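Participant: Mapping of the sequence shown onto the working numbering: residues 1 to 94, in sequence order.
What the hints contain is simulated information worked out from the structure, not anything from laboratory work.
It should be emphasised that the depicted structure is a prediction, and the values quoted were computed from it without experimental measurement.
Just so you know, even glycine gets a beta-carbon here, dropped at the ideal spot from N, CA and C.
Treat each hint with caution, since some may be false.
Unchecked claim - Computed cross-link-like contacts, DSBU-like style, restricted to lysine-lysine with a CA-CA straight-line distance of at most 35 Å:
(1) 77 - 39
(2) 66 - 12
(3) 12 - 81
(4) 51 - 63
(5) 54 - 81
(6) 66 - 39
(7) 51 - 12
What the hints assert, rightly or not - Ranges of calculated distance between the beta carbons of each label pair, as one might list FRET restraints:
(8) 69 - 47: 35 to 41 Å
(9) 83 - 2: 17 to 23 Å
(10) 16 - 43: 27 to 33 Å
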Amino acid sequence: MEVFYYLEDPKKLIDNIYKNWLNQDGRLIFGIDFYEENKTSHDWSESCGIKNMKLLSEKEWLKFLKNSGFRNVKTWKCGAKKDWEGTLIISGKK
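Turn these sequences into a full structure, and let the hints guide you.
Facilitator: Written out as structure tokens, the structure is:
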């Protein structure tokens with residue numbers, strides 16, 4: 001959790017996980033808080049002084065998994081509140 005958006009190319013890691021880390025029918029599940037639809041998180045890169053954070057949309061994360069070959073790709077949000085969209089949970093099966 002909370003590592004994918006720090007990578008220069010998160011798609012590359014997702015591809016690698018699919019090809020090399022998971023057995024057939026294995027599942028990747030991860031959660032992120034820094035994403036386009038979660039407006040509260042948009043200033044994190046600046047406020048934390050970390051320039052390489054990737055602000056991507058839910059749709060972009062879904063596309064990464066699908067293009068890597070994952071199936072049954074799903075997203076849902078956990079812990080949503082008034083000013084917080086919640087943690088975006090992303091899941092896909094090999």
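Participant: Is 17 to 23 Å a correct range for the gap between the Cβ atoms of residue 83 and residue 2?
Facilitator: For residue 83 and residue 2 the Cβ distance comes to about 19 Å; the hint holds.
Participant: Next pair to validate is residue 66 with residue 12; report whether the Cα-Cα distance is within 35 Å.
Facilitator: Satisfied, since the Cα-Cα distance of roughly 13 Å is no more than 35 Å.
Participant: Can you confirm whether the C-alpha distance between residue 12 and residue 81 stays at or below 35 Å?
Facilitator: Roughly 32 Å between the alpha carbons, so the hint for residue 12 and residue 81 holds.
Participant: Are the Cα positions of residue 54 and residue 81 separated by 35 Å at most?
Facilitator: 23 Å, holds
Participant: Just to be careful, I want the Cα atoms of residue 77 and residue 39 compared with a cutoff of 35 Å; is the pair within it?
Facilitator: Holds: residue 77 and residue 39 sit about 14 Å apart, inside 35 Å.
Participant: Please check whether residue 69 and residue 47 have a Cβ separation lying inside 35 to 41 Å.
Facilitator: Given range 35 to 41 Å: holds, Cβ gap about 36 Å.
Participant: Take the C-alpha atoms of residue 51 and residue 12, compute the straight-line distance between them, and say whether it is at most 35 Å.
Facilitator: The hint holds at about 19 Å.
Participant: So if I understand the rule, the pair passes when the alpha-carbon distance is 35 Å or less; does residue 51 with residue 63 pass?
Facilitator: 24 Å, holds
Participant: Cβ-Cβ distance between residue 16 and residue 43: within 27 to 33 Å?
Facilitator: Given a distance of about 30 Å, which is inside 27 to 33 Å, the answer is holds.
Participant: Would you check the hint for residue 66 and residue 39, treating anything up to 35 Å between C-alpha atoms as holding?
Facilitator: At roughly 25 Å apart (the allowed maximum being 35 Å), residue 39 and residue 66 satisfy the hint.
Of the numbered hints listed earlier, not one is contradicted by the structure.
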